[in-house]
Amino acid sequence: MKGGLRASMSWLHTWTGLVCGWLVFAIFATGTASVFRHEIEAWARPTLSAHVDPAAALQRAYDHVRQVAPDATSIVVTAPTPQERDMQSYWLTPKGGFTLAELDPATGAEVQGPKTAGGELFYRFHFELMAPFPYGRLAACLAAVFFVNAVLSGVITHKRIFSDFFTFRPEKGGQRAWLDGHNVLGVLALPFHLFIALTGIVTLATTFMPFGMTAGYGKDLPAFYADVAPETKNLAQPTGRAAQMAPLAPMIAQAQQRLGGEVLRLTVNNPGDAAARVILHRDNSGRLSRPTQAATFDGATGQLLSVTPAPGPAMAVNDLFYGLHMGEFSSAALRWLYFLGGLSGCGLIASGLVLWTVSRRRKLPDPARPDLGFRLVEVLNVGAVMGMVLAIASFFWTSRLLPAELGADRPVWEGRVFLAMIAATILYSALRSQRRAWTETAWAAAFLFAGAPIVSALTGGRSLLRSIAEGDGAMITLDLVLLTLATGFVFMARRAAREPARAPKRRAAPAPAKG
Amino acid sequence: MTKAPASPASALAWRGMVAWRAILAVAANYGLCALLAMALARGLPHLGLARVEAVVAGTLAAIIAMPVVPIFVFASRSAWKPTATMAAAAGGLWLLLWLAGGPA
Amino acid sequence: MEFLGFASAPLCFAAFAAAALSMDRHHRQVTGQACPAPLRGHLRALSAALLLLAALLAMVGGGISFVTGVLGAGLAAGAVVGLLNLRPQLLRWLLPNGAAMR
Chain S
1 MKGGLRASMS WLHTWTGLVC GWLVFAIFAT GTASVFRHEI EAWARPTLSA
51 HVDPAAALQR AYDHVRQVAP DATSIVVTAP TPQERDMQSY WLTPKGGFTL
101 AELDPATGAE VQGPKTAGGE LFYRFHFELM APFPYGRLAA CLAAVFFVNA
151 VLSGVITHKR IFSDFFTFRP EKGGQRAWLD GHNVLGVLAL PFHLFIALTG
201 IVTLATTFMP FGMTAGYGKD LPAFYADVAP ETKNLAQPTG RAAQMAPLAP
251 MIAQAQQRLG GEVLRLTVNN PGDAAARVIL HRDNSGRLSR PTQAATFDGA
301 TGQLLSVTPA PGPAMAVNDL FYGLHMGEFS SAALRWLYFL GGLSGCGLIA
351 SGLVLWTVSR RRKLPDPARP DLGFRLVEVL NVGAVMGMVL AIASFFWTSR
401 LLPAELGADR PVWEGRVFLA MIAATILYSA LRSQRRAWTE TAWAAAFLFA
451 GAPIVSALTG GRSLLRSIAE GDGAMITLDL VLLTLATGFV FMARRAAREP
501 ARAPKRRAAP APAKG
Chain G
1001 MTKAPASPAS ALAWRGMVAW RAILAVAANY GLCALLAMAL ARGLPHLGLA
1051 RVEAVVAGTL AAIIAMPVVP IFVFASRSAW KPTATMAAAA GGLWLLLWLA
1101 GGPA
Chain F
2001 MEFLGFASAP LCFAAFAAAA LSMDRHHRQV TGQACPAPLR GHLRALSAAL
2051 LLLAALLAMV GGGISFVTGV LGAGLAAGAV VGLLNLRPQL LRWLLPNGAA
2101 MR
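The listed protein sequences correspond, in order, to chains S, G and F. When we follow the numbering used here, the leftmost residue of the first sequence carries the number 1, and every step to the right adds one. When we follow the numbering used here, the leftmost residue of the second sequence carries the number 1001, and every step to the right adds one. When we follow the numbering used here, the leftmost residue of the third sequence carries the number 2001, and every step to the right adds one.
Don't read these hints as lab results, they were simulated from the structure. Worth double-checking, as some hints may not be accurate.
As the list claims (entries may be wrong) - Beta-carbon label-pair distances, calculated as ranges:
1) G:Val-1068 / S:Ala-226: 48 to 54 angstroms
2) G:Ala-1088 / S:Leu-194: 27 to 33 angstroms
3) F:Arg-2087 / S:Gln-112: 47 to 53 angstroms
4) S:Phe-98 / F:Leu-2090: 57 to 63 angstroms
5) S:Arg-466 / G:Val-1068: 22 to 28 angstroms
6) S:Ala-226 / F:Leu-2090: 57 to 63 angstroms
7) G:Trp-1014 / S:Leu-376: 20 to 26 angstroms
8) F:Ala-2037 / S:Lys-172: 25 to 31 angstroms
9) G:Trp-1014 / S:Ala-408: 50 to 56 angstroms
10) S:Gly-460 / F:Trp-2093: 28 to 34 angstroms
11) F:Trp-2093 / S:Ile-161: 54 to 60 angstroms
12) S:Gly-240 / G:Ala-1065: 24 to 30 angstroms
Since the model is a prediction, treat every value here as computed from it, not as a measurement. Every residue gets a Cβ at the ideal spot worked out from N, C-alpha and C, and that includes glycine.
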């Protein structure tokens, strides 16, 4: 393109950013919230306690599933950890049935209380966008590709990246302040933005880029999945002969010793059969890799059959990328760093979107009556950014307030309200002026976040006082985070209200585009 | 910043050029990276890698390449250079894939 | 071992603060004057040395420590940006004659 590298990259950055910005913001916002999805799950399930023995919990849960689904051919139960208090479980039945359940580690049975999507709402939205498979995931991956491209073109465009490294001049106001803020947020967390987006695509690689897999394995995809998960190589067809399952505790202890870590997940194939197999995966929260190392046992005798070999280099890199993205670290401080990185990414995208309108407003032929395209961007900016914020905040209300009579549909309704908040914010933004739209939605966000801990306490959910009495650090922190977010949005509302509503000064010659 | 030219005829040419580069940067890019994944998945085992290793290596390479290609598509002065480069790369990968035994 | 990554964060903060002070624009924010030439050289050398030390510390701790170190470095840089804008006078203490400045 004419104008040299920097000019063409600036053009590319502007348009790539606009095309993907709203969607990437939605992904970043729900992703940031998902850093603490286990804590949100525990918040939404007030009966879950933090202190349980994982091995005993696994046995209880397994016994419960055998009782509830005696014909299950395959049972998977996730061990409780200090962060993840509920036990995500699922089982397969012979007729192709698939049942998901959250089990309470204290009882082994389903968690009591009205059904709620819990931390899964934000997490699923983050990579599926509540769209049917595989379209949501494909859209998320494509958005991530656009985002990485925008970061790269942004870095090329930022000509004084080292001399402007610490430059932030909010007092200058207008385009300069927004640009400085955008650059600072981008540069300071640059490694994070790049690796989180790339590793995100890797987690969905078989959906987004399956051609390597199909070229290498053709129609024999089960062989691919067996090569990827070598712990399944010792599985056998059910014999039909019933056999008592050996106690799990010794198997867990042996797995911990051989694998060199805690057990994360229990998988039982052909439970109650003579050919039962128990697979125990190692918890990798002290490492950067996804959980792949597993020990396989004969279910009836408790004998160790195999331990997965160490992965090859390409697989190890893949596991590293997966682990880096999921961020399931035991170190709370590192998870907080991920949270801050996510927030900086949200700020980066939001400031970029606002910058797009701020820099163009000056060049409009009539700033008081912008053209339809410009107005559309303004409306969607508020709709996407504040819509996501309000949708996330609304979950903390719907999880407590939706009637229990909705039964199994209750999580679906939480999702519907989530989407409705986005739609309502877009509509609201179309009806109000820019300044009022940002200000009023910020006040609404402050109200919703501040009200969430109160609503929870009043409806028999988690309450700050009870959490302090129980010494439940995670729940105390979550309530404090909600209140801090509310405070942040109060500041934002007051600042947005003060933005002058006057038309910007016309210049004699347009200012040269700065980096 | 590169601006769209004023006259209607050159404006149409500008839009056509942008649209062509967009097709290169998105659709052709995806196809090229898919070819890369396939070529590596089929080709690397001939160099001694295990099949699953080759597939994973190819997939990762394709994912990393995808965001980078549009930089080159939009950086060059004329739209024909990236077109020719991508076509040549696709041809080369296709040849490698065919030599390695074609898609399974 | 991630504490090594965390330990590298204060080193990064010192490195970034020194680097910022060596730049005229930021030196002016802190002291009101441009950075004198000999001091600029010293600050840049100190900054590079501290950054190298921080990087080594983070890498020694292994994978998680390295990730923590990289993210912590961003946080440290953010802290420097914040101080420059909100309380630049606090950074005077890092300069040789800083305590004497009013």
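>> Taking 27 to 33 angstroms as the stated bounds, is the beta-carbon spacing between G:Ala-1088 and S:Leu-194 within them?
In response: 28 angstroms, holds
>> Quick check: does the Cβ-Cβ distance between F:Trp-2093 and S:Ile-161 fall within 54 to 60 angstroms?
In response: 28 angstroms, violated
> Is the hinted range of 28 to 34 angstroms satisfied by the C-beta distance from S:Gly-460 to F:Trp-2093?
Replying inline: For F:Trp-2093 against S:Gly-460, whose Cβ atoms are near 52 angstroms apart, the range 28 to 34 angstroms is violated.
>> If I claimed the Cβ atoms of S:Gly-240 and G:Ala-1065 lie 24 to 30 angstroms apart, would that claim hold in this structure?
In response: Since the Cβ atoms of S:Gly-240 and G:Ala-1065 sit about 50 angstroms apart, the hinted range of 24 to 30 angstroms is violated.
>> Quick check: does the Cβ-Cβ distance between G:Trp-1014 and S:Ala-408 fall within 50 to 56 angstroms?
In response: 55 angstroms, holds
>> Just to be sure I understand the hint, the distance between the Cβ atoms of G:Val-1068 and S:Ala-226 should be within 48 to 54 angstroms; is that true here?
In response: 33 angstroms, violated
>> Holds or violated: the 47 to 53 angstroms window for the beta-carbon distance between F:Arg-2087 and S:Gln-112?
In response: 50 angstroms, holds
> Should the hint that S:Phe-98 and F:Leu-2090 are 57 to 63 angstroms apart at their CB atoms be regarded as holding?
Replying inline: Once the Cβ atoms are compared, 58 angstroms apart, the range 57 to 63 angstroms for F:Leu-2090 and S:Phe-98 holds.
> Does the Cβ pair S:Ala-226, F:Leu-2090 satisfy 57 to 63 angstroms?
Replying inline: 60 angstroms, holds
>> Within 20 to 26 angstroms: is that where the Cβ-Cβ distance between G:Trp-1014 and S:Leu-376 falls?
In response: Hint holds: Cβ distance 22 angstroms, inside 20 to 26 angstroms.
>> Taking 22 to 28 angstroms as the stated bounds, is the beta-carbon spacing between S:Arg-466 and G:Val-1068 within them?
In response: 52 angstroms, violated
> Falls inside 25 to 31 angstroms, the C-beta gap from F:Ala-2037 to S:Lys-172?
Replying inline: Hint holds: Cβ distance 28 angstroms, inside 25 to 31 angstroms.
The structure shown violates the earlier hints numbered 1, 5, 10, 11 and 12.
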